[in-house]
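Novice: Chain by chain, the residues:
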Amino acid sequence: MSSETDTTVIARTVVRVVVPIILLTAVALLLQGHNLPGGGFIAGVLTVTAFALVYIVFGREFLQRSLLHVEEDGFLGGAIGEYGRTFTFGLALAASAGVGSIVLGELLDDGQFEFLTQGVVFVYHVPVYHEIEIPTALFFDLGVYFVVVGALLTILAVVGRE
Amino acid sequence: MTDLVVAPLLVALFTAVATLPLRSARRVQQAVSVAGGVVYLVAVAALVRAVKADGDGYLVYELSNWDAPFGITLVADDLSVLMLGLTAVVSLAALVFSVRGIPAVGQRLSYHPLYHLMVVGVTGSFLTGDIFNLFVWFEVMLMSSYVLVVFYSGPDETRAALHYAFLNLLGSAVMLLSIGGLYATTGTLNMADMAEYLAAAPASQTTPVLGLSAMLFAVFALKAGIVPFQFWVPDAYRAAPAPVAAMLAGVVKKVGIYAIVRLYFTVFAVATLPPGPFGDNATFLAFFGPVFLLMAIGSIVVGGLGAVGREDLDGLLAYSSIGQVGFIVLPLAVAASAVPAAGTAIPGDGIVTLGITAALVYSVNHGLAKSLLFFVSGALSRTLGTVRFDALGGVSERNPALAGSFFIGALALIGIPPLSGFFGKFLVFDVGARAGSWVVLGVALLGAILTIAYFTLAWARGFWGPPSDAVAGAHVDRSFVLVAAVLAVAIVVLGVGFGPLYDLSYEAARSATETQGYVDAVLGGSQ
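Which chain is which? The protein sequence lines are L and Y, in order. Mapped onto my numbering, the consecutive letters of the first sequence carry residue numbers 1 to 162. Mapped onto my numbering, the consecutive letters of the second sequence carry residue numbers 163 to 689.
Don't take each hint at face value.
[As the list claims (entries may be wrong)] If you want a taste of the chain Y side facing chain L, the calculated C-beta under 7 Å gives, among others: (1) Val168; (2) Val179; (3) Pro183; (4) Glu224; (5) Ser226; (6) Asn227.
If you are wondering where the hints come from, they were derived from the structure by calculation, not from laboratory data. From the three backbone atoms N, C-alpha and C, an ideal C-beta is built for every residue, glycine too.
Chain Y with its partners taken away, still in its complex shape:
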C-alpha cells in the first residue's frame, strides 16, 4: 500500500477543495474542515506505521509512474514522518481553534480552503524527493500564507504582509536561480541522484555546487527566520490570526529546518570541498558548520534580547521563536562541524547523529510549545481585543486553565524537567559538551537565561497579580482553553514518557545521515 505516502497530501488537497463550495453553509464547512484535520492526522499515523513496518524505513512513491530520477519522487522516511506528525497535531489544534478564533465572515470567504492549501504545501515539502518539486511546494505553502498573513487587512497587517510577500518572493527567485544552477551543474533534480553524483564527482567539479548550496541555504534560513534573515518574523506573526501564527511558528518554520537537514546532511554532505582552509577531503558541511554556528548565535542573541523588550505578548512570542530557532540550528552547527571526511560513513552514535537528534527533539518541542503559546495569546486577543502587557494582568486568577497552559508552554521552552523542552535543551548542552565547544555551551547558557528572563516578564506582567479591568470582565471561549490545555497535556506526556520521541528523532537523524540508504531506496528500482 504505497499509496499511503501520497495520502496526507491528497487528504489536505481534497479538504481544501471540499470547503470551497460549502462557503454558504458555515457549520458544515467548519465540520468538514475539522474532519479534514482529523483524517489528515489518521493518514499521517498510518504512514508512520507503514514506514516503521518497512524493512529499510524508506517508502518511495513515484508520481505518475515515472521512474526516479526522471519523474517526481515522494519519499517517506523517519525524518519526513516525524515532521508530518508534528504538522498533523499542530494543524488539527489550529483548526479547532479557528472555528471560534476567526471571524465568521473570514471563515466563510476564504480561511478554510487557504489553510488546507497551506497544509498541502507543508506536506509536499516534507515528502518530496525532488529539489525542484520542493520549490513548487514552497510556493504552494507561501501563496496561501501570504493571504493568511494579510487576513485582517488593517494597515499594520497590509504592511507586514507586503514585507512578508516581498521578501519571500525574493527568496523564491533566489531559490529558483540556485536550483537552476544545481541542475546545470549536476544534471539532475532528484535529491538521491544528486547525492550520488556529488559523492562520485571530484572536488573540481563540485565547487560550483558549494556556492549554489550556500545561496540555497540563505533561502531556507529566510523561511526558518534565522538571523540575519529574521526581520520579517515579528511583523508577520503579529499580523497573522493566532491559529495561523501558531502554524507559521510551529510548522512552516520547521519546513526550513527540515530542508536544511534533508539537503545539507543527506545530499550535500557527501560532496568534497576543494583543498583549502578546511583541509583536504573535507565535506561541504565543514564549510557550513561555522556558518550555521554564527547564524545560530545571532538568532539566540537577537531573538532573546528582542523578546525581553517587547510590550505585547505576540511580539514577545515572535522574537522568542527567532531565539528558539537558534537553539535548533546550534546543535546542527556542531553536527555539521563534526562530519568526518568525505567518503567515510557517519557513525550512528557520534556527535553528528546526536546533534541532529537534538535539533529534531527541539523542533518538535518548539512546534508544540510555541503554537500553544500563540493559542493562549490568540484566545486573549480574541476576548480582550489586545495582548499589550499594560492591558493584561491577573489572567491566572480569572482563568487558571488558560494561564496554566501558558505556564506549561513557557516552562517547556525554558526547559524545566519533566517537560519535553527539558530534554531538548539538555541534548543541546550535551552535544556542546561532547564537542568540547565552550562557545556553544556559553551561547546556549545565555539563550537559556534570556528565555527565562522574557517568560518571567511575560508571566509577571500578563498573568500574575490582580486582574486588570479588561481581564476581570472577560469570558474566554471554552474551545480556546480546551485546545491550549490539550497541547499542554501533550507536552507533559511527551516529557514524562520521553523515550518514544527520542527514538523517533534518533531514527530520523539516522535516516538523514545515511545517504547511501536513501540513494539505494530511491534509485534502487531503476538500476
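Just chain L, same shape as in the assembly:
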C-alpha cells in the first residue's frame, strides 16, 4: 500500500489530533486579542499552520478536494479564487469596521463619532463563559484574520502548484 512518498502513520495520527486544538487556540486568541496577547493576525497565522499541516501530511489534493470542496483551475478560479474571496471579504470587513462608527454617529443623532471610534458591549450571565466582552475592535480583528488566512493560503497554493 504505502510508497516512499507517503507520510508515516505517526504523522497522520498526530495531525488529526493537533489540528482541532490549533484551530481552537486560534479562535481563543482571536476573541481575547483586543486587550490580551492575541488578535486577528496571530489567529490567522495559527489557522494557516493547521491548514499547512494537513497540506503537508495529507497532500494538496486532499486539502482542496475533500476538505474545502474546491476544484483547482486557473489563476483566479478554483481554490486560489476561493482564497482570494476570503481576503477580499476580510479587507472589506476591516475597512468597514472603521466606518461603522461614522454611520452610527449619523444614525444616533446625538453627536458625532469619528472614523475608527471604538465601543464595547459586555454580555453577562453567559453559561460556562460567564462574561463576554464584545468590542467593536473584534470586527477589525476578524477582518485581519480573514485577510491573513486568505493571503497565506493563496501563497501556499500558488507556490505549492509550481
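Keeping the supplied structure of chain L fixed, place chain Y upon it in accordance with the hints.
Specialist: Coordinates of chain Y only, in the frame set by chain L:
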C-alpha cells in the same frame, strides 16, 4: 462636516477593496476603478472648499475620538489640500490611461487594488498630523509601489524593483530610527505638540533633535530623489508602467517634498540651534539652508547632464525629474536660509513665504507636466514597443495631437510663458534675485539651459522629421491622446489664469510657516 477630512482616504481605500472581488469582470472593475478616481477628485474638491470656508484654514480630525496629542490627528490645511488636489488630477488621468495602457491580464490580477492603495498611502501622508503615522502611510504607499514597479516582471524590471525596494526599506528603517529618537527626545509624536515643545525648549535640549531631523531629511530626500539619493530614480521610472511612472514622478515624489516643507518649515523651524557657526539664536533651518542648497545644485546638475545623454525617452524623463526636483528644493534652500531668528514670526511677504510659494508652484507644474510627458512616452511605448530615440522620429507628423501635448509639457518644464511652468521658473529666479544670491541664479540659469537642451534633443530626435518605419505604421489609441491633450490644456489654462494657483500656493506657504496657527488649531481643543 469634519468627516470630509477623512473622505478622500476612505474613497481610495474602498475603491481598492471594491476592485478586488471584481477581478473576474474586467469592464466592471475598470469602471469602478475610474469612478473611484472621479469620486476621489470630488471628495478632494469638497475638502478644498471646506478648508477655504473655514475661518482659520485648519480642519482637524481626531481619529477614533482620541484628543491630540494622544491620538492620531488628521489635519487638512491649505498645504495639504493643494497637494491633494494635484494628486487627484494626476491620479484620475493615470487611471484613465491605465484602462488601455496596462495589459488586461495585469489589470485583472492586481493593478487596480494596488494603484488605489498607493493613492491611500499618498493621501494619508498629506493629511496626517502625526509623525509616526506619516511613517505608516509612507509604508502603505511604498508597499504597493514596490509591486507596481516590478509589474512587468522582466529581468530589468526585477533588478530595478529590487534596488528600489532595498533602498526604500533601508530608508524606512532609518526613518523609524529617527522617529523613535524624536519620540525619546521630545516625548511626543504629534507634529503640533512637537513644535510646541521645540519652541519652548532651550538649545541644549534640542540638540539631539537636530541630528535626528537631519537623518529624517535623508529619508525624505531619498523618497523625493534628490542628489545624492537619486540613484534609484532612473531604473525605477523606466521599469514601472507609464501611468505608475507618471504617479511616481508627479505625485509620490511630491510626498517627500511635502514632508520636507511640513516638518522642517512648520515643526523644526521653531527649534533653536546651539550657538555655533550660524550665530546665536538661529533656527534649525539656518543649518538646513546650505544643505538644501548643495543638494539642489547637485540635483540640477546631475539630472540635467544625465538627461542630455539619454538614448531613450523614459530615461530622459527620469533624469529630467531629478533635475526638476532640484528646482523645487532650490527656492526652499533660499527660504530656509532666510528664516529669521528663533522666536520671531515669519513675515507673510518675506523671502521665506515667497520661496515656499515658488517651490509649491513648481511642484504643481512639474506634477502635471511630467506626468503628461510620461503618458506620451507610455502611449508610444505601448504602441511601438520601444521609446528608444533611434526607433522614434516624426511623431509630430503621424500624430500631431500627441506630439503637440508633448511639446506643451516640455515647454512647461522649460518655462515658456504663458504656461504654468514659466511662473514656476520665474518665481525661482525672483526668489534668488531677492536673496541676492548669485549662486542660486547661476544654478537656476544652468538648469534652465540644460532643460532646453535635453528637451530640444528629445523633440528633434523623437518627434521632428520624417516618420520612422515604426512610427509610420503605428496607430496610437485615442484614450492616450485624450489624457495627454486634457493635461496639456490644463497646463495652458493654469498658466493663462495663473492667479488662483499662485493664491493657493501662497496660502499653502503661509500655512506651512505659521507654526503657532497650526499648533493652536491642533491642540486648541485639549487645552
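Novice: If a hint holds in the structure, say so; if it does not, say that too.
Specialist: Right, here's what the structure says about each hint:
Below 7 Å, beta-carbon pairs count as interface contacts, and Y/Val168 has one with chain L at about 5 Å; its hint therefore holds. Here the hint on Y/Val179 is kept, as its CB sits about 5 Å from the closest CB of chain L, short of 7 Å. With a least beta-carbon distance of about 5 Å to chain L, the hint placing Y/Pro183 at the interface is held under the 7 Å criterion. Here the hint on Y/Glu224 is kept, as its CB sits about 6 Å from the closest CB of chain L, short of 7 Å.
The closest approach between the C-beta of Y/Ser226 and any C-beta of chain L is roughly 4 Å, which is under the 7 Å cut-off, so the hint is satisfied. A cut of 7 Å between beta carbons decides the hint on Y/Asn227: the least distance to chain L is about 5 Å, and the hint holds.
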